[in-house]
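**Student:** Please build the complex by placing chains U and E on the supplied structure of chain W, with the hints as guidance.
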Amino acid sequence: MRKNILVVWLLVALLGAIGLQAADTINLNAAGATFPYPIYSKWFDVYHQQHSNIQINYQSIGSGGGIRQLLAGTVDFGASDAFLSDDQLKDAKFKILHFPTVLGAVVPTYNIPGVSSDLNFTQRALAGIYLGAITKWNDPELTKANPGVKLPGDDIVVVHRSDGSGTSYIWTDFLAKVSPEWKGKVGNAATSVNWPVGIGGKGNEGVSGLVKQTPNSVGYIELIYAVQNNIPYGKVQNAAGKFIKADLSGVTAAAASKAKEIPDDFRVSITNAPGATAYPIASFTWLLIPAQIQDGAKRDAIKDFLKWMLNDGQKYNEGLTYAQLPKEVIAKETKAISLIQ
Amino acid sequence: MSGARLIWRKGLNYVMLSLTGVAAFGVVSVLFLILGYLIWNGGTSLSWNFLTQLPKPVGETGGGMANAIVGSLKLLFLAAVMGLPVGLLTGVYLAEFGGSTFPFIIRYTADLLYGVPSIVIGIFAYSLAVLPVKHFSALAGGVALGIMVIPITVRSTEEFLRAVPGSLREGAMALGASKWKTIATVVLPAASGGILTGMLLALARVAGETAPLLFTAFSNRFWSQGWGQPIASLPVMIYTYAIAPYDDWHRQAWAAGLVLLGLVLLSNLGARLILARPKVG
Amino acid sequence: MSAAATTFAQEAPPRSGPRAFLARLKHGDEIAHLITLIVAAGILLLTSLLVYELWVNSHLSRAQFGWMFFWTKVWDPNFDNFGAAPFIYGTLVTSAIALLIAVPLGLASAIFLSELAPRTISDGISFLIDLLAAVPSVIYGLLGIFIVVPLMRTLIGPKLIHTFGGVPYVGSLFRGPNFGVGFLTAGIVLAIMVVPFIISVSREVLLTVPREQREAALALGATRWESTWKVVVPWARTGIMGSVFLALARALGETMAVTMVIGNAARINPSLLAPGDTIASTIANQFTEATGDLYLSALIELGLVLFLITFILNGLARILIVATERGGGRPA
Chain W
344 MRKNILVVWL
354 LVALLGAIGL
364 QAADTINLNA
374 AGATFPYPIY
384 SKWFDVYHQQ
394 HSNIQINYQS
404 IGSGGGIRQL
414 LAGTVDFGAS
424 DAFLSDDQLK
434 DAKFKILHFP
444 TVLGAVVPTY
454 NIPGVSSDLN
464 FTQRALAGIY
474 LGAITKWNDP
484 ELTKANPGVK
494 LPGDDIVVVH
504 RSDGSGTSYI
514 WTDFLAKVSP
524 EWKGKVGNAA
534 TSVNWPVGIG
544 GKGNEGVSGL
554 VKQTPNSVGY
564 IELIYAVQNN
574 IPYGKVQNAA
584 GKFIKADLSG
594 VTAAAASKAK
604 EIPDDFRVSI
614 TNAPGATAYP
624 IASFTWLLIP
634 AQIQDGAKRD
644 AIKDFLKWML
654 NDGQKYNEGL
664 TYAQLPKEVI
674 AKETKAISLI
684 Q
Chain U
81 MSGARLIWRK
91 GLNYVMLSLT
101 GVAAFGVVSV
111 LFLILGYLIW
121 NGGTSLSWNF
131 LTQLPKPVGE
141 TGGGMANAIV
151 GSLKLLFLAA
161 VMGLPVGLLT
171 GVYLAEFGGS
181 TFPFIIRYTA
191 DLLYGVPSIV
201 IGIFAYSLAV
211 LPVKHFSALA
221 GGVALGIMVI
231 PITVRSTEEF
241 LRAVPGSLRE
251 GAMALGASKW
261 KTIATVVLPA
271 ASGGILTGML
281 LALARVAGET
291 APLLFTAFSN
301 RFWSQGWGQP
311 IASLPVMIYT
321 YAIAPYDDWH
331 RQAWAAGLVL
341 LGLVLLSNLG
351 ARLILARPKV
361 G
Chain E
15 MSAAATTFAQ
25 EAPPRSGPRA
35 FLARLKHGDE
45 IAHLITLIVA
55 AGILLLTSLL
65 VYELWVNSHL
75 SRAQFGWMFF
85 WTKVWDPNFD
95 NFGAAPFIYG
105 TLVTSAIALL
115 IAVPLGLASA
125 IFLSELAPRT
135 ISDGISFLID
145 LLAAVPSVIY
155 GLLGIFIVVP
165 LMRTLIGPKL
175 IHTFGGVPYV
185 GSLFRGPNFG
195 VGFLTAGIVL
205 AIMVVPFIIS
215 VSREVLLTVP
225 REQREAALAL
235 GATRWESTWK
245 VVVPWARTGI
255 MGSVFLALAR
265 ALGETMAVTM
275 VIGNAARINP
285 SLLAPGDTIA
295 STIANQFTEA
305 TGDLYLSALI
315 ELGLVLFLIT
325 FILNGLARIL
335 IVATERGGGR
345 PA
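Residue numbers (the numbering used here), protein chains in the order written: chain W, 344 to 684; chain U, 81 to 361; chain E, 15 to 346.
Hints are computed from structural coordinates only; laboratory data are not their basis. Be careful, since some hints might not be right.
Straight-line Cα separation of at most 30 Å, DSS-like style, residue types lysine-lysine; simulated pairs [said to hold, decoys possible]:
(1) E:Lys173 with W:Lys526
(2) E:Lys173 with W:Lys555
(3) W:Lys588 with W:Lys670
(4) U:Lys136 with W:Lys555
(5) W:Lys436 with U:Lys214
Okay, the calculated beta carbon distance ranges per label pair [unchecked claim]:
(6) E:Phe84 with U:Thr181: 30 to 36 Å
(7) U:Thr265 with W:Gln635: 24 to 30 Å
(8) E:Pro182 with W:Lys585: 46 to 52 Å
(9) E:Trp81 with W:Ala619: 52 to 58 Å
(10) W:Gly475 with E:Ala110: 38 to 44 Å
(11) E:Ala110 with U:Leu153: 35 to 41 Å
(12) W:Ala619 with U:Trp120: 37 to 43 Å
(13) E:Trp81 with U:Ser109: 46 to 52 Å
(14) U:Ala243 with E:Leu234: 37 to 43 Å
(15) E:Phe84 with U:Leu153: 40 to 46 Å
(16) E:Lys244 with U:Glu239: 31 to 37 Å
(17) E:Phe178 with W:Leu432: 51 to 57 Å
Residues from chain E shown here face chain W by an in silico Cβ test under 7 Å; the list is partial [claimed, not checked]:
(18) Pro191
(19) Gly277
(20) Asn278
(21) Pro289
Predicted model only: the values in this text are computed from it and were never measured. Using N, Cα and C, we set each Cβ at its ideal position, and we do this for glycine too.
Bound-form chain W, shown alone (with noise of 0.2 Å):
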């Protein structure tokens, strides 16, 4: 009996141990925009290889997900691609700044079957599919744009978001401006909206992985993901009229309209910018980090953070499809970040 106590104790005090790994770890939790997790996770990875005793741990649950968990406080900043509007930041307990990091595009994803080539969607395709007024594929809204193209006759299968979602505000954003019936029956940019139609999937992932595995299927994704994912993206109508497909030139052109006027807080829209190569479904996508850090360690160690992901972390932007950010914007940010304190 003795000997059994002995044992059970030995093992609580083992894995008590366990519990108290290196205490001079900075831990550092994250949470929000699937847009950006690509980079983001390679950005952490890279920075924590560098810098061994900072673990940033971000968990990709959508840009809803990051503010709300930023407001609770229960995460040391947030991600969206959604910046928060004047009332939100005026409800939440706290100042928060905006920190853009890339640049990225929204894409138009489908599953055709038997479609390989890249179609062009209009905007008011986009905003008919959407809605529920254009059901099949070969509605004339899209075989006029697609001339040369045997578009079937299938129904089509919408996907959109079934969390809180950047992703989702960039797209809605994008026709809420182009689509005065969006705009009236949806209503206005938002993370999230009361889908007309379609299923829902979770994160980026999860509408990627859906459009993937469903024939006549359409959703919107970032553009890293049709890319790694193999899955067909289309092209988009620009303001200008022109279909652009979304590519690194077609983003930076559509931010570089905003970037010497970008407002001292970073919160600006770029979709549906004007001019000929612009792509119109690009935003950028935000850190949100609150602007007091009591935890000198945490505070710091953020703020290396940002100067090295304005720097090096930038390198890395181009090999997963997203755009650099203007360098009239990184000149800007490198002095917000004394705003931390």
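**Tutor:** Chains U and E alone, transformed into the frame defined by chain W:
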């Protein structure tokens, strides 16, 4: 009785009985095909990398779930420490002490707790263990799982204590032992086999729970330090990887499913084997 | 005589404090009783706290929507309009499908295992089925995504649309685009999950039916099937119903497997092939990202609704199972 009616009844008899056989065969084979598929896919995906590596950045292959495996074990440890003693002592109370109304209420409450959907327990644990301290943690996950462990342990402890023959108790008391001492030195050891299996089964049951961990333990791409950090766990990783589009992640999800299943089934098998041992006294 | 001498002369009574406490503890039946009582009461406290938290944290939503919450068909976070109807619908539909599939199959299997199969085979198979009941939900979800969903999409769905699509009334159950995910898929996955419960409980209950009942029926000239269906099963009826209620309660609260295959659309749709959502899957998907206090409160109110539904059902199930054990069921 007319011949036709008899033939009808005999025919019906044959058909219906065969149908039950078909149903049983069908159900059992579907269940086993499913498990076989899991074991096959999991087995072919299981690798040394999977067991020892941390997750890699999105899109890169070769990552593993070492932190999730350890994470699940840590969470189970917490659940055991928090929930098992409560369940045990309550079971002792119900079986050994107490009158009629209060134990009835306790029993009913334990049953109620057992029936609460795990997602609701997750909400409760979030408001209990996450909001006040403002961060996700292994501890919060342990609280959620610990709450789920309690009703199962209560029920099995009480059942096995009641099964101890009265003669054992009376014998001890005749020798002058107080009630407390009887319970501690005679009754509990006699029922220990059953009680331990009950605890093992309770832990096996919560090992696979995902929903309550989603907003308590959250998840972690790295090793979780101490008990106050978010922590990865096998069920949550399976969920995250299964709904993603990356084939490598799907393979890892199968492997994780196999590991989890192995854990759960081995515990159940072990529990049953312990119970099947010839009982003392 | 000094006071000190008086005290020394007497025997020192046990001091109050640690030593006295320990002295009582050694003979402390009362202490043991007290400790276990406090712990047991702790469970009561815990559960009450759970209900309290659910109630209090859903206050905003209850105040805003009142009873309309149950009937509102809209779940719109953008306009802060929340209604539980689509999820109550989804929960009921998927559970109904699960029971419609699992109960006949489970009962038939239980009958086979208890009446027809030799005891060793019966014990062996039911041992294996009990093991299957222990498989975690997320693994069923995994299997659902990679086996059931493609099967639905490529085989079962089109077949159903083809066969029933044109039939009036029934046809509306099988209409529309075939996603592979949806109510029917979720129902099938749930059925697979609850069938082990129905089999194991029903089989046990059927085995407790006294042999005399069967033999009496056979002696009166009944066929094996007639004796089973008309005598044995009715005798065990309440226990079997109890197992069905248990399975139902499990299906209602099931979260992960359903979330992964139901399609996540907050809409009511008569077609079984359409995507939907259940209460549990909605909470799982949206809890960590509900921006806004009303949104979160609405989700917690959903949790409260789910809690109440399972509470009532579990109560009914317990009553039924106890009734069988006590009264031995109704005489034939």
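**Student:** Look at each hint and say if it fits the structure.
**Tutor:** Right, here's what the structure says about each hint:
| no. | hint | result |
| --- | --- | --- |
| 1 | E:Lys173 with W:Lys526 | 39 Å, violated |
| 2 | E:Lys173 with W:Lys555 | 23 Å, holds |
| 3 | W:Lys588 with W:Lys670 | 24 Å, holds |
| 4 | U:Lys136 with W:Lys555 | 22 Å, holds |
| 5 | W:Lys436 with U:Lys214 | 14 Å, holds |
| 6 | E:Phe84 with U:Thr181: 30 to 36 Å | 35 Å, holds |
| 7 | U:Thr265 with W:Gln635: 24 to 30 Å | 59 Å, violated |
| 8 | E:Pro182 with W:Lys585: 46 to 52 Å | 50 Å, holds |
| 9 | E:Trp81 with W:Ala619: 52 to 58 Å | 56 Å, holds |
| 10 | W:Gly475 with E:Ala110: 38 to 44 Å | 27 Å, violated |
| 11 | E:Ala110 with U:Leu153: 35 to 41 Å | 39 Å, holds |
| 12 | W:Ala619 with U:Trp120: 37 to 43 Å | 54 Å, violated |
| 13 | E:Trp81 with U:Ser109: 46 to 52 Å | 47 Å, holds |
| 14 | U:Ala243 with E:Leu234: 37 to 43 Å | 39 Å, holds |
| 15 | E:Phe84 with U:Leu153: 40 to 46 Å | 42 Å, holds |
| 16 | E:Lys244 with U:Glu239: 31 to 37 Å | 34 Å, holds |
| 17 | E:Phe178 with W:Leu432: 51 to 57 Å | 53 Å, holds |
| 18 | Pro191 | 4 Å, holds |
| 19 | Gly277 | 4 Å, holds |
| 20 | Asn278 | 3 Å, holds |
| 21 | Pro289 | 4 Å, holds |
The earlier numbered hints that this structure contradicts are 1, 7, 10 and 12.
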